[in-house]
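Number of protein chains: 2
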Amino acid sequence: MARTQGSHSDITGPRIREAALRLFAQHGYAAVSMRQIAKEVGVQAGALYNYTPDKQSLLFNLMAGHMADLQTAWDAVPQADSALERLRGFTGFHIRFHLERPDAVFIAYMELRNLTEKNFAVIESLRRNYENGVEDILKQGMEQGEFDIPDTKVATLAVIAMLNGVNTWYRSEGRLSLDEVERVYWSMVQKSVST
Amino acid sequence: MARTQGSHSDITGPRIREAALRLFAQHGYAAVSMRQIAKEVGVQAGALYNYTPDKQSLLFNLMAGHMADLQTAWDAVPQADSALERLRGFTGFHIRFHLERPDAVFIAYMELRNLTEKNFAVIESLRRNYENGVEDILKQGMEQGEFDIPDTKVATLAVIAMLNGVNTWYRSEGRLSLDEVERVYWSMVQKSVST
DNA sequence: AGAATAACTGAACGATCGTTCAGAAAAAAG
DNA sequence: CTTTTTTCTGAACGATCGTTCAGTTATTCT
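These protein sequences, in sequence, are chains U and B.
The C-terminal position of the first sequence is numbered 195 in my numbering, with every residue numbered one higher than the one before it.
The C-terminal position of the second sequence is numbered 195 in my numbering, with every residue numbered one higher than the one before it.
Please note: incorrect hints may appear among the correct ones.
No copy labels: a pair is met if it fits in one copy or bridges any two.
[As the list claims (entries may be wrong)] 25 Å max Cα-Cα, derived SDA-like pairs, lysine to any residue:
hint, residue 1, residue 2
1, Lys153, Ala68
2, Lys55, Gln79
3, Lys118, Arg171
4, Lys153, Arg175
5, Lys153, Asp179
6, Lys139, Ser187
7, Lys118, Thr168
8, Lys39, Arg183
9, Lys153, Leu178
10, Lys39, Asp75
11, Lys39, Glu143
12, Lys118, Thr72
13, Lys153, Arg127
14, Lys139, Gly174
Calculated directly from the structure, the hints in this document are not laboratory data.
On a predicted model such as this, the values are computed, not experimentally measured, just so you know.
Using the sequences and the hints, build the whole thing.
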């Protein structure tokens, strides 16, 4: 056999990326074989190489795509004037964005060590860029006297780490609604930087 | 050749665990082969099976040992009367304990998905136990009116996630001393639960 | 209609994987 | 010293890995 009925790169391409994303998140990059991904898509392993030059590029593109989506989405959020309101906006955005794509988030944090040196540097740069946006809010809050933060660099990472934690436990069928989760975290974030 | 000069299980055993810990943390469980671990120890792959029934047990014992060490160490910390002081004690303990064993911490968080179902349940139970100790402090603080926390379950996870973040950036040669790191995090933790 | 292209199969490549085991050498016990 | 036990080697097992490629079929183009 060869080309199959209804096959098309516009369909197979995305399906490969979706399958790889899910499998990488579930079992880890190193533990997932190209044959497993192919099986999920309903294709032979060799067919994957019409869509990616190799397994490493598949991982990198998933991670780079996620980081780009994150930055683009955050850039599109209208910014309030006060640092406090901007931080509140960030808290809600970050929680919701991350809860909507748990697999991509998981990969972006867990598979860094499976990137080549060059690819790692690219992803790290994208991450730092995002973090700098948060630190700018904290700096603004310090300048305007709205916040009291001993170290804005550490506080940036602390706030992000705290919010990222939501992905480890939140379940949509769980005790708390998304609005409640957001409210609880905002209460803690807001106080942690308050004067 | 066969048994080598100076070989002894009291020496080889720990060296295998140390090598496995470092390699698992660096490259991930699935990406590390038994032959790599053996090479690090200076032994053939077959020799590892005098010390572990299989690769999975090697991982599990590293994780279970780490969680047991964590609980034991925390249990040994003298507890103050007030919830605020107990929380301060926890913050310092948790930061220092985690910074002293970055590899074990990394593995305990990243390799959960590579555990068998049964082993996973054991590790999760140990983790929950530790988290419950923290939540007890927050509950006590609420009862005594020292804290104002919308949800002690979420707050527990938020505080721990925030503190865990220190492992991703702290370097002993870096800008901040251990005492300064502890002070910065305590400032944020303390305020995040304050009334 | 036929020609060109896009998409995929199926087999194969050498490499590496976790694990087992008979046998050999060093250390400990007698 | 001799015997027993501990520790490790070196080879081998079948399985699976990422990747390549000639050939085949479906789709698109002319």
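### Intra- versus inter-copy proximity for Arg183 and Lys39 (alpha-carbon distance at most 25 Å)
Neither. Shortest intra-copy (42 Å) and inter-copy (52 Å) distances fail the 25 Å Cα cut-off.
### Message
With identical chains, the pair Lys153 and Arg127 could be close in the same copy or across copies; at 25 Å between alpha carbons, which is it: within, between, both, or neither?
### Response
Classified as within: same-chain Cα gap 14 Å, cross-chain 29 Å, threshold 25 Å.
### Alpha-carbon proximity between Lys139 and Gly174, which holds within one copy, between copies, both or neither at 25 Å
between (36 Å within a copy, 21 Å between copies)
### Query
For Lys55 vs Gln79, is the C-alpha pair at or below 25 Å within one copy, between two copies, both, or neither?
neither (39 Å within a copy, 51 Å between copies)
### Message
At most 25 Å between CA atoms: does that hold for Lys153 and Arg175 within a copy, between copies, both, or neither?
### Response
This pair counts as between: shortest inter-copy Cα distance 11 Å, intra-copy 33 Å.
### Lys139 and Ser187: within-copy, between-copy, both or neither at 25 Å Cα
both (20 Å within a copy, 17 Å between copies)
### Task
Have a look at Lys39 and Asp75 and pick one of within, between, both or neither, based on CA distance no larger than 25 Å.
neither (38 Å within a copy, 49 Å between copies)
### Task
Can you give me the call for Lys118 and Thr168, within, between, both or neither, at a CA distance of at most 25 Å?
Classified as between; 20 Å across copies, 29 Å inside a copy.
### Query
Should Lys39 paired with Glu143 be assigned to within, between, both, or neither, using CA atoms and 25 Å as the limit?
neither (56 Å within a copy, 55 Å between copies)
### Query
Is the C-alpha distance from Lys153 to Leu178 at most 25 Å within one copy, between copies, in both cases, or in neither?
The answer is between: 15 Å across copies meets 25 Å, while 28 Å in one copy does not.
### Task
Can you give me the call for Lys118 and Arg171, within, between, both or neither, at a CA distance of at most 25 Å?
between (35 Å within a copy, 22 Å between copies)
### Query
How would you label the pair Lys153, Ala68 (within, between, both, or neither) given a Cα cut-off of 25 Å?
Answer is within; shortest intra-copy Cα gap is 22 Å, inter-copy 33 Å.
The structure fails hints 2, 8, 10 and 11 (numbered hints given earlier, in ascending order).
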